[in-house]
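Asks: Protein chains in written order, with this note's numbering: chain W, 735 to 1425; chain R, 14 to 125.
Since the hints were made in silico from the structure, they are not lab data. In this text, all values refer to a predicted model and were calculated from it rather than measured experimentally. Take the hints with a grain of salt, since some may be wrong.
[Stated by the list, open to error] Pairwise CB distance ranges, derived in the manner of DEER restraints: (1) V1377(W) - Y32(R): 49 to 57 Å; (2) A90(R) - G1413(W): 30 to 38 Å; (3) I1407(W) - L20(R): 21 to 29 Å; (4) A1380(W) - Y32(R): 48 to 56 Å; (5) M45(R) - D1382(W): 47 to 55 Å; (6) R37(R) - Q1395(W): 27 to 35 Å; (7) G1413(W) - M45(R): 18 to 26 Å; (8) M45(R) - R1419(W): 52 to 60 Å; (9) Q1395(W) - L100(R): 52 to 60 Å; (10) L16(R) - G1413(W): 47 to 55 Å; (11) I104(R) - A1380(W): 46 to 54 Å; (12) I1407(W) - N15(R): 27 to 35 Å; (13) L100(R) - I1407(W): 17 to 25 Å.
[Claimed, not checked] Covered stretches of chain W (chain R as the covering partner; in silico rule of three or more C-beta atoms under 8 Å from a C-beta of chain R): (14) 842-855; (15) 1407-1420.
[Claimed, not checked] Among the chain R residues that face chain W by a calculated CB cut under 8 Å, a handful are: (16) I29; (17) A31; (18) L34.
For each residue, glycine too, the CB sits at the ideal point set by N, CA and C.
Chain by chain, the residues run as shown.
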Amino acid sequence: MGNLQVSLAGGATGHLACGILALPFLSFLINGLWLGRKSRTASGLAATFLMGATLVLAVLLAWQYWTLVLGNPASFPGRTALAWEHTWMTFPLESGGAFSASFGFLLDPISVMMVLVITFISFLVNVYSIGYMHDDKSAGRFFPTLSLFSFSMLGLVVAANLAQTFFFWELVGVSSYLLIGFWYHKPSAVAASKKAFIVTRFADAFFLVGVILVAVQVGSLDFSALNAPAAAESLRNSPWAAWFGVNILTLGTLLIYMGAWGKSAMFPFHVWLPDAMEGPTPVSSLIHSATMVVAGIYLTARLFPLFAAAEYTLRIVEVTGVFTALFAAIIACRQTDLKRILAYSTLSQLGYMMFSLGAGLPAAGGAPDSAAFTASMFHIFTHAFFKCMLFLSAGVIIHAVHSNDIRDTGGLRRILPRTYWATLVGCLALAGVFPFAGFFSKEEILHAAWENGHYIAFFAALATGALTAFYMSRYFFLVFHGPRFSAGRSHQDSHAPASASAHSDGHAADGAAGQSAKEMPSMVWPILILAVPSVIAGFAKNFFIAHVLPMYAVIAENGSEAGSGLPWLSPLATVLAVSSIALGWAWYGRKGRKSILGAEQETGLAKIVANKFYIDEGYRFLVRNVGNRLVAAPITWFERTVVNGAFDAVTAVIRGAAWVQSMVQSGQVQAYIGIALVGLLILARWGGLGL
Amino acid sequence: MNLTACLLLSACLFAIGAYGLMTRRNFIAALMSLELMVNAALINFVAFARFGGGGAGAAGLNSAHDAEAGSLFALFAVAVTAAEMALALAIVIAVNRQRGNLDIRELDGMHG
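Put together the whole structure using the sequences plus the hints.
Replies: Here it is as structure tokens:
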């Protein structure tokens, strides 16, 4: 396993890698400690500039990786290199050895791909935020936190071992908490940030246990060692298996997967993601495309060989993925909040990615298939661009109408022409229409699922694709086509910055005039730039098939037959997508859509869907009845009576003794004299005075 | 007149003084009782000096010299006691000015 990772420390690559982590952190420090308080414009510009510099470094690093590592397969058979590594902590083992937790910068196909995506999207989101946060008085707090978020995610994807992954994993959690609750004066934002933090933290607890369990057994935290076949073998034959009653390989990988489960918001941990909409729109955009939620997918992909060696783990990955994909797509069809629709679509796409990884193990058994891995990573790549763009466009829409309710929009095509075209591209890409990016990656996923014999999951994913096309066309037609809905509806809590909505109350309802000015250049340009990869990113397919492979996969074995096997798949997927879009147009693009939209919230099954299957209510019931009554109440009783009671008893004894002593100190001089005399007599009689 | 009678007198005076000190509520009366106890001790000094203590150290010493020393100490102690009393009476006057009475049982500001 040693020769898989060649260190490139000291050279240009090492310096570039240092810079990629240092610049966002520098931006966090400068803006957080100093510049953010001075001027919000300067803060935004500095953060954007530093993130742009990071993007340049990332491109240079990718170039270095391309020429040094990918172009040189003889020296780098695993396509993996370490840009630098620094040992942080060393843990001795009972067996006499030791393993260390280190900070490193791992270069392999997926980490380089993610570094490019994160820096590119963070840069554009920073540019966009300059416009979006222009009127927000607390923007000086926004930019440093955004930089911290990007920094955490960059550190996470380049981690060379699980300790570093966990460290940055938690940093991502903290910074997302800060950003979701950015408008802390809104109780809903505070609740959403707490929800996101608690749900992911709950899952992270299992993750940490899994990391310890696996690391102690394997004797290493390095991914190169964990992914080696020897590690899986060592875990499977672990002497603890009898003690735990299950296979340690399965248990450990499942525990680690729990972390990914929560972070990537797979059912039933999905509840935090739609609520995370309470943050500013650029944050939602970043969370949903490049940072935070893909971290779970990324971790699963990072440990793909280990997961694939476990009997049940990949099966569970697949089941959670495909269920979440379908479940979230169904809910998305009945939401009325712009950002919530997009949030559920993200959930659905994350399910796709997770399911694709899970489909990597052929149903009939046998060696894991790297094509499924490649497809998943490819979908992360393409999804990041168009989902980021859709969210940024939604931000423009919200800025323009000062509401995030779909029933306050309608007919925005003429008011926001450029956003209209960008959203059209995004919707087509998400719906998976040829030749947009989503088409290629979804097809790869479906292809891998079929090839590996996961037929049920295949059809569920196909249905999800059709639903995706349907709800995105619903979104698109409702927002941009037809007349404005807004007459008579009150403008409830807008997610636009408070100051922006304050001065707009007067002319929000009547609408059209002067609102095209809301398409600020710094907000529109990132969207237009993102439209380019949303269209063309799909053509990177062959590059991904050739190079983006899991650790320990050899190109010759798996790469050959992928991508050409099923001639009927593309027509089928396209027909499904187009017919779903047609249905969306028939319902929501023509007259009478208002009554259809109204009926969505009322009738039986539709009402259940519109209320998101009452999952949140179920959690609330669980927390109140099981959590509070069965767990919290007895613990509170124990704490108050037994623990506090013991302390109270001790203090009571001490207080009693003190009371007795203070009685002697009466302040009565005559009593003192009496005591002194009695003492003198005692001394005279028994004290050796001889009387 | 012998040593025993003197010591008995001294013991009686001491007991009366102690009793007075512990029972009188008036500050001045208590001080007078205290003075009785001091004087009981002084009687002891003088008595031992006059009649000889019979202690181990007394044998080698000149008895006339001893008598002078004992009286000297008694006189010395009387002077010290007088100074003490002057101080004590000053305190009594201050207490009386501040509190308006001299009940010793009410001077319990040092209680715990």
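Asks: All hints are to be evaluated individually against the structure, with a verdict given for each.
Replies: Against the structure, the hints come out as follows:
For the pair V1377(W) and Y32(R), the beta carbons lie near 56 Å from each other, so the given range of 49 to 57 Å is met. Under the hint 30 to 38 Å, the C-beta atoms of A90(R) and G1413(W), about 23 Å apart, miss the expected range. Between I1407(W) and L20(R) the C-beta distance comes to about 23 Å, which sits within the given range of 21 to 29 Å. As the Cβ distance of A1380(W) to Y32(R) is approximately 51 Å, the hint placing it in 48 to 56 Å holds.
Between M45(R) and D1382(W) the beta carbons are some 52 Å apart, a value that agrees with the proposed interval 47 to 55 Å. A beta carbon spacing of about 28 Å between R37(R) and Q1395(W) agrees with the range 27 to 35 Å that was offered as a hint. Checked against the hint of 18 to 26 Å, the pair G1413(W) and M45(R) passes, with Cβ atoms roughly 24 Å apart. Between M45(R) and R1419(W) the Cβ separation comes to about 29 Å, which falls outside the hinted range of 52 to 60 Å.
Hint check: Q1395(W) to L100(R), Cβ distance near 31 Å, so the stated range 52 to 60 Å is violated. Taken as a hint, the range 47 to 55 Å is violated for the pair L16(R) and G1413(W), whose Cβ atoms sit roughly 28 Å apart. At about 50 Å, the beta-carbon gap between I104(R) and A1380(W) stays in the expected band of 46 to 54 Å. In this structure, I1407(W) and N15(R) meet the distance hint of 27 to 35 Å, their C-beta atoms being roughly 32 Å apart.
Taken as a hint, the range 17 to 25 Å holds for the pair L100(R) and I1407(W), whose Cβ atoms sit roughly 18 Å apart. Counting residues of the segment 842-855 of chain W whose CB lies closer than 8 Å to any CB of chain R gives 0, which falls below the minimum of 3, so the coverage claim is violated. A stretch counts as covered by a chain when three or more of its residues have a beta carbon under 8 Å from one of that chain; for the segment 1407-1420 of chain W and chain R the count is 3, and the coverage holds. Against a cut-off of 8 Å between C-beta atoms, the interface hint on I29(R) is violated, since the closest Cβ of chain W lies about 14 Å away.
Given the 8 Å rule on beta carbons, the hint for A31(R) holds: about 6 Å separates it from the nearest Cβ of chain W. Of the supplied interface hints, the one on L34(R) holds, with its beta-carbon coming within about 6 Å of a beta-carbon of chain W, less than 8 Å.
The structure fails to meet hints 2, 8, 9, 10, 14, 16 from the earlier list, while all remaining hints are met.
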